[in-house]
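Please build the complex by placing chain B on the supplied structure of chain A, with the hints as guidance.
There are 2 protein chains.
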Amino acid sequence: MRRFVSTFVFCYYKSYVVTQNIQTVKKYIVHHPWKIIEEGYKPELNRISESLFSLGNGKFGQRGNFEEYFSGETLQGNYLGGVYYPDKTRVGWWKNGYPEYFAKVLNAPDWNGIRIKINNQELDPHRLVITDFSRYLDMQDGSLNKSYTAQFDDGKKVKIQSTRFLSIVNDELGAIKYSITPLNFSGDIEVILPVDGDIKNQDANYDEQFWNEIEKSASARAPYLIVETRKTAFRACYAMHYSIQGNNKSKSLTQFDTIEKPKYIAHKLDVGIEEGKTTTIYKYVAVVSSMYHENDDMKEVAAEVLAYAKHKGFGKMLDEQKAAWDEKWNRADIVIEGDVAAQQGIRYNIFQLNQTYTGQDERLNIGPKGFTGEKYGGGTYWDTEAYLMPFYLSTSKPEVARNLLIYRFKHLQKAIENAEKLGFSHGAALYPMVTMNGEECHNEWEITFEEIHRNGAIAHAIYNYIRYTDDKEYLAEYGLEVLIAISRFWAQRVNFSEEKQQHVMLGVTGPNEYDNNVNNNWYTLRMAKWTMEYTQESINYVKNTIPEEWRRIATKTSFDEDTELKTWDEICNNLYEPYDEKRQVFLQQDGFLDKELQPVSAIPENQKPIHKHWSWDRILRSCYIKQADVLQGLYFFEEHFDQDTIRRNYDFYEPMTVHESSLSACIHSIMAAKLGDEKRSYEFYLSASRLDLDDYNSDTDEGLHVTSMGGTWMTIVQGFGGMRVRNNMLVFSPFIPEKWESFAFKIMFRNHLINITIDKSNVSIFNEADQPLEVKIYEKYYTIGANGTVLVDVLDKE
Amino acid sequence: MRRFVSTFVFCYYKSYVVTQNIQTVKKYIVHHPWKIIEEGYKPELNRISESLFSLGNGKFGQRGNFEEYFSGETLQGNYLGGVYYPDKTRVGWWKNGYPEYFAKVLNAPDWNGIRIKINNQELDPHRLVITDFSRYLDMQDGSLNKSYTAQFDDGKKVKIQSTRFLSIVNDELGAIKYSITPLNFSGDIEVILPVDGDIKNQDANYDEQFWNEIEKSASARAPYLIVETRKTAFRACYAMHYSIQGNNKSKSLTQFDTIEKPKYIAHKLDVGIEEGKTTTIYKYVAVVSSMYHENDDMKEVAAEVLAYAKHKGFGKMLDEQKAAWDEKWNRADIVIEGDVAAQQGIRYNIFQLNQTYTGQDERLNIGPKGFTGEKYGGGTYWDTEAYLMPFYLSTSKPEVARNLLIYRFKHLQKAIENAEKLGFSHGAALYPMVTMNGEECHNEWEITFEEIHRNGAIAHAIYNYIRYTDDKEYLAEYGLEVLIAISRFWAQRVNFSEEKQQHVMLGVTGPNEYDNNVNNNWYTLRMAKWTMEYTQESINYVKNTIPEEWRRIATKTSFDEDTELKTWDEICNNLYEPYDEKRQVFLQQDGFLDKELQPVSAIPENQKPIHKHWSWDRILRSCYIKQADVLQGLYFFEEHFDQDTIRRNYDFYEPMTVHESSLSACIHSIMAAKLGDEKRSYEFYLSASRLDLDDYNSDTDEGLHVTSMGGTWMTIVQGFGGMRVRNNMLVFSPFIPEKWESFAFKIMFRNHLINITIDKSNVSIFNEADQPLEVKIYEKYYTIGANGTVLVDVLDKE
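Respectively, the protein sequence lines represent chains A and B. At position 26 of the first sequence (counting the first as 1) the number is 26 in this note's numbering, and the numbers step up by one without a gap. At position 753 of the second sequence (counting the first as 1) the number is 753 in this note's numbering, and the numbers step up by one without a gap.
Chain A extracted, bound-state conformation (with noise of 0.2 Å):
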C-alpha cells in the first residue's frame, strides 16, 4: 500500500512511515506494566493522547476524546464495524479499469458527551485552569480513566473523574461513569448529555456529510436517534440511558429539558451539587447497527441493551469488563522482565489489535487505524494477513483467523470481476490493494494494477492457516476455489519471453514500493510459484480424501485439468527467477544492478527520510529499499533455502533498506534473529515496539499504526522466540535480548495452550493443556506432558 506525506494541501493521504528522527519522539507516556498513562495537563499532544487512548470492542469504537466540550485540538472519531461510505475518488489522470470510489470509515455519532456549564460557564478543559491532570487506559480491563481539578473564571473549582469503557461483554454498550466534586462552592449546575450525530470526516474528499436522520426522540424513555448513512444506507441506533448520584436538587430527574436539533438529541438537567461531595453521572448509551440487526428491530435491541445495563450497574459490569479480558490475557499475553517500557509496548499492541478485532465477524477486518483514526479510510489491505494473521492464530481460537480468511473467501465472486475489468479471464481472480467490500478502493496504476503480489499473501494465508491449525477441511469447504482463483490469475499474468525462452512476470511493483512498474520481480514471481504448486497439493489432497467436494469444486470453477494443470505445471517448471550469480543473491527484480548500489549510510542525514526529501523518480531510480522484498519471500519461505542463501541475500539488500514503513522493522527483526544476529534483531524491535506510544513517526495523533502492531508480536515470538511450525509441530529457537531479565508468551496450538519462558539461562516451556505436546527447541525434539513443563539451556542454542 502506498502511504503518503501530506506535503501540500490538496494532498489527502499521510505517510506511513518511520522517520526515525528521535529528536521529535515524544515520550511522554509514563512506563507502567498494565497501564498507559498521561500525567499533566498537555494540551499540544491532545491528538495524540487522543488516538493512544483509543477504546473498541470489535464491533464500534472511539478516539479518547474528551466528554466535555473541548475547544484545543482535538480529532473527534466514533467508529462502527464494517460501516462505510463510498467517497468519491479524487484522481487526475483516469486509467481503465479504476474503482469509482473509495471506501471510507465513517465518522459515526458522537455518544461520549457529557458538558457541564457552572455559572453559565462550560466545562472546556482548554478555558479552564486545569490542575492534576491525569489520564490513563487500563489495559486490563479497557477503561478510559481520567481525573483533573478545574478552576472557572468566577474562581468556582471543581474535581472531575471519568471512567468510560465500551463493554466486551455486551458489545453493543458503552458506559461512562462520571464524577464531579465542588471544591470551594456549592450550588447548581447545568448537565446536558447529548448523542451527537451531526459530524463529519475530516479527510472526506468533498466535505460531503454521510449521514442522513432517520428518526429520533429526545423526550423518549430512552431518548434515541437513528441515522443512516448516504448511498449505503448502513443504519445506526442509539439510545442513551442515565443516572445521577448525589444530585441534591429538589427536582427529580424525571425533570429534565430535552433539546432536539438536526440528528442530535439530549437531555438538558439542573444538578444540584455540594462543596466537599461527589456528585456522580452514569451515561449509558446501546450503540446498535444494522451489520447486526434488522432496521425494525433497532429500537427495541437498542432498549434491552440499556435495560441490561442498568439492571447490572456500572461497577459491576466493570467487573465483569474486567474478567473477559484476563481471558483474552490469559491467552495472549506477552511478560517481559527488567524492562517496563517493553512490557507496555508490547501489551498495549496486543491490547489495541484485541479492541479492533475479535473474529466473530467474519465480514469484518482490521484497517490500518482500527477505530482509532480515519486516515486509509479503514479498508482491508494485505497487512491482515502478511502481518496480523500470525497472531491472531496464535492467541486466538482457530475462528478468528479462519474468518479473516472468510472475509476473502466472500470477496472472491468481486476480485473475479476486478480480474475481468483488467482483461483476465477464466475465474481469474485479482484481490483488490484496498477494499472494504471487496470492490478495489485503490488508484494508483502501479499499484492497483500493479501491486499484485498481495494476491500470493491471501494465498499463503490460507496455507499458514492450515499450517497452524491442521484445519485442512477448510480447503474443501472454501479454501481451494480462493486457491484456483488466485492460481489462474498468476498463470495468465505471466508471458512467455521468446528471448528468454522461459515465463517472465512484466510491469509489476514489489513489496518494495520504492520501485514501481518492474519486470520479473523476485517476490511476486516466488509467490506466483508457490500458489500454484500448493494450488495443485491442495486439489490432489481434496481429490483424493473427498472427491465429491472436489467434483463440486471443479463444477464450481469450471476447472478443466487437463490444460489448466499443465499449464501451471509447465509455467512453475520454466519460470524465470531473477539471479546474481556473482553475488549468488535473488535479484529484486531485473535491471536492479544496474543501480548505484550504495548503502543507506551513504545517504546525508538531512535527507531522510527520502520520501519526504526526494522526486519520486530519484527514489525509483535509487537501490534504496522502503520495506522487505525480496527478503519477505525468504521470510515466508525461509524453508525453501538455506541459511547461507538467506544471509548472502540480507547481507546485500538490508543495508539499502531505508525502513520507511512501519512494516519492515519486524521481517528485519526476524531475519537477524534467524541469522544470529541478535543485536541488530533488538534493534529492529525498538523501532517498532513503542512505534505510537512515543510517537515515533509523528502522525500518532492521525491514529494509531493498528497493522503494523502484529509485526511487533511477531518480532518477539519468532524473532526473540524464534517459534515456527514445522511439519505439524511447535519449533522454537529463542534468545534473549542483553536488556532483558526474561520475557514469556503464551500461544494457542491445536488446542494446546503453551507458556514459553525464556530467562538468561533457561527456555522453559509449560504445556497447560491436558494432552502431551511435541516440540522441537534448539534443534532438539522434546515431548511436554499434559500440565507439563520442559527446561532448556539456552546454551543449547549454540
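For the record, the hints were derived by calculation from the structure and aren't laboratory data. Treat each hint with caution, since some may be false.
Because identical chains share one entry, a pair is satisfied inside a single copy or across any pair of copies.
To be verified - No more than 30 Å apart at the CA atoms, straight line, and that leaves these computed lysine-lysine pairs for BS3-like:
1) 88 to 608
2) 414 to 608
3) 472 to 566
4) 42 to 322
5) 414 to 566
6) 608 to 421
7) 231 to 612
8) 414 to 612
9) 421 to 612
10) 117 to 200
11) 27 to 739
12) 500 to 582
13) 157 to 117
14) 88 to 231
15) 739 to 760
16) 27 to 322
17) 261 to 231
18) 35 to 739
19) 156 to 42
What follows is chain B alone, placed relative to chain A:
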C-alpha cells in the same frame, strides 16, 4: 504528453488519439479548396462546427459560437493569448516535486453577442424553425460567414446573414456584420449588443470563476468592460462600437437602453425593420489586454482601435484582411490538384496554424488546441519543438521560429529551478512537460519526472533552427546557455552501471507513453548523447568565433571546462545503447524483447483503441507502441543511419504501433516515404490530413488538434516532397501520391522563396529570389537561377 479519455465523471482530460473508427467519422463538411462549408442546420453537430469555425489572429481567438443566443449544445469559447489562470490541481497521490497548479487557458469575456427579440421571442436558432442554413469559413480572408432563415412562433420569418472576423491587420479588433431581413412582416425588433465577462471554464477543476470585474460603463461613448484574472492579475479591456444601417425607426441610435450586470454590459435598442429590406448591424469590439498595454492606457488604446474601425469601415477592413492573408498564403500555400478533400485538408491546417501563432511575441506559444477549446489547459508541450518548428521555419520569416526558441530561453531559469526541485544541481535544466510560464504544470510522476526526452527536443530545435536558417549567432546570443543546461541535466541523469560497465539511464518514459518508467529508452539515450556532443561542438564554435561571448557565457553558467567537458566525453564514449544483435534493431528499452511481440493486427477490432479498452498495466505490458519512439530518433537523426538500419527498425516497430496519438502518423508517413513505401506513406497522411474536418477522433467538439496540424504539413513537405536540409542545402526526393495530379508547396529558405511543384512527370522548382540557389534533387545537384526554375523528371528518382 499524456492525453486521457474521460470515461469517468471526475476525469478532466480527454484523449488525443486517432480512433480509426471510420464508421463514426462525421464527414459533413462540404469539400471546397478554400472554404470550410457546413450546409443545412445541424444543431447536433454544433460543438464540432464551433471548433472548426474557430477564428484567431495570434493575439486572441474564439470558437465559432453563434452571435445569437443559442440554447442548444455549445461550448462558448474566447481566449486571449498568454492569459492563463493557475487552476488548483486535482491529484490523489501527491509526489515531491509536483507543481502546485495546473495552468488553464482562460475562457475570456464573450464579445460576439448580437441578441435579437421579435415579438418578445428570442432569436434562438435552437427554438425556431431554421431553413436554408449554411456557414462557411473563408480561408482566404479568415472570415466566418453564416446565413439562414428563421421562422418565429408567430409565423414571422427573417433572413439572417452574418460575417465575422478577427483582424490580423489591427490585431486587437474583432468585427461583425450582421444583417437581418424580414421576409413576411415589418415592425420593431429588440437588439441587445453585449460584452459578457460572466463566463467560466467548462473544465475548471473546482468550478471557480477566474475573472473579477475592475471597471465598466455601459453608458460611456464607447461602452466598455474591464476585467482582471484572479491570482494572475491579467487585465483585459473590451470596448464596443456599433452602427446600424437600415433602421427605419424614428428614434436615433443615441436612444438606447444600457444594461449593466456583474461583469456584463450591453446596449438595448429598438430597431425598425421593413419587409424585404435588409437592416445591418456592425459591431466592432476592441480587445485590449495587459499583455501589451499598461492598465492605465487600456481604455484609451481601445478607443483608438474603435476609431480605426469606424474610420475604415467593415468592407475596407475585410479587404485589407484578405490582402494580409494573401501574403501569408503566398509564403505558405500548398496546392493539391486532383483531390479537393486533400486540398481543403492541408489548407485548413495551414490556416489554423497561422491563426494560432504569428511569432510576433516570444512570450506566446502554441497550445494543443490553440484558440479553439479549453482542453489540455493551453500549455506548451514538446509538440512545438518536434512537430511545429518545421512548419514555421519554412513558411515564415526566421524571427517566428526564433521566437519559439526564445520562449524556452526565457524559461531557462525556471527549468533550472525545476531540475533543482528534483535533486539536480549546478545549473542542470529540466524543461517542463507542460507549461505556461516556464513552471511545470503536469503531475503524473511517470510523465512529469520521467518523460525527460522533451529536454532533448528543445535542444534539437535549436540545432534545427540553425541548420535551416544558418543563424549561428543565435548560439552565442541565446542557444548555448540552454544547451549547456540541458547537457548538464543529461550528465547528471545517467549513472554508471557496475554490472554493464557503461553509463545507463534508468526510470524514463519515452515518446511511446504506452511504456512507463523503463530503463534505457534508446530514444532518450540517443537524444542525451547527441545533446552533449552538439553542445560541445557549439561551445567550440562560439569559443573560436566569438571568444569574448564564450567567456561571458562560461562565467554566467559557471562552466568548468576541464571537468564538465571531460565528464560529457566520458559519458558519450561509454553510453549504453540497447540493441538486439539478432534482429539488428535498436531496442526501445531494456527488456522490450521479454514482451509478447505481436502485430497490431492481433488486437481484436472491438478492443481498439486499446487505451479505451485495456487497463493501463495491460497496455504497459504489451508490445504496443502509441507513437514513434525508436523511429522518432531515426527521424531526428536520419543522417546518422543507413537506409537498411532505418528499414529494419521500421519493419520491426511499425507493425506494433497502434498510432493512438495524432502525432504518430506524420513521422511514420515520412519514414515510409523515405523507405520508398509510397502507398503506406499516403495512408498515414490520410489519417491525419482531415483529422478535425472529418472529426476522425470524435473529439473535435472540444477543439482542434492544433499542435498535430504541423505534422500534416511535414508529411507533405518532408514525406511526399522528401525535403531536407543537408550541408546548408535544400535536398528533395519527391514522389506524388497516385490519386493526385500534382501538388506544390512554397517554402522560405534563407531569403529564398521557393515554389516546388510535383506532378506525374516532373519536379519543378521555382526560385522567386534574386539570388541563385543550389539544391539537390534525387541525389543530383542543381543551381536554380534568380527567378529561375529547374525541371527534373520524376523518373530520376529511381
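These are the hints, each one checked on the structure:
1. Within a single copy, residue 88 and residue 608 get their C-alpha atoms only as close as 33 Å, which misses the 30 Å cut-off; across copies the closest is 29 Å, which meets it.
2. Proximity of residue 414 to residue 608 under the C-alpha cut-off of 30 Å is restricted to the inter-copy arrangement: shortest distance 26 Å between copies versus 40 Å within a copy.
3. Proximity of residue 472 to residue 566 under the C-alpha cut-off of 30 Å is restricted to the intra-copy arrangement: shortest distance 25 Å within a copy versus 67 Å between copies.
4. Within a single copy, residue 42 and residue 322 get their C-alpha atoms as close as 29 Å, which meets the 30 Å cut-off; across copies the closest is 78 Å, which misses it.
5. Only within a single protomer do residue 414 and residue 566 lie at most 30 Å apart by alpha-carbon distance; the minimum there is 27 Å, versus 59 Å between protomers.
6. In this assembly of identical chains, residue 608 and residue 421 lie within 30 Å of each other by CA distance solely across copies; the values are 16 Å between and 39 Å within a copy.
7. Proximity of residue 231 and residue 612 under a CA criterion of 30 Å is satisfied inter-copy only: 28 Å between copies versus 36 Å inside one chain copy.
8. In the homo-oligomer, the alpha carbons of residue 414 and residue 612 lie at most 30 Å apart only across protomers (22 Å), although the nearest pairing inside one protomer, at 35 Å, exceeds that limit.
9. In the homo-oligomer, the alpha carbons of residue 421 and residue 612 lie at most 30 Å apart only across protomers (12 Å), although the nearest pairing inside one protomer, at 34 Å, exceeds that limit.
10. In this homomeric assembly, residue 117 and residue 200 come within 30 Å of each other (Cα to Cα) only inside a single copy, at 25 Å, whereas the closest approach across copies is 50 Å.
11. Taking the shortest Cα distances, residue 27 and residue 739 sit within 30 Å of each other inside one copy (19 Å), while across copies they are farther apart (82 Å).
12. Taking identical chains as interchangeable, the C-alpha atoms of residue 500 and residue 582 lie at most 30 Å apart whether they share a chain (19 Å) or sit on different chains (13 Å).
13. Taking the closest pair of Cα atoms, residue 157 and residue 117 come within 30 Å of each other only inside a single copy of the chain (12 Å); across copies the shortest separation is 76 Å, beyond that limit.
14. Taking the shortest Cα distances, residue 88 and residue 231 sit within 30 Å of each other both inside one copy (11 Å) and across copies (28 Å).
15. Proximity of residue 739 and residue 760 under a CA criterion of 30 Å is satisfied intra-copy only: 10 Å inside one chain copy versus 94 Å between copies.
16. In this assembly of identical chains, the alpha carbons of residue 27 and residue 322 lie at most 30 Å apart only when taken from the same copy (28 Å versus 80 Å across copies).
17. Taking the shortest alpha-carbon separations for residue 261 and residue 231, only the intra-copy value of 23 Å comes in at or below 30 Å, while the best inter-copy value is 40 Å.
18. In this assembly of identical chains, the alpha carbons of residue 35 and residue 739 lie at most 30 Å apart only when taken from the same copy (21 Å versus 89 Å across copies).
19. In the homo-oligomer, the alpha carbons of residue 156 and residue 42 lie at most 30 Å apart inside one protomer (22 Å), although the nearest pairing across protomers, at 80 Å, exceeds that limit.
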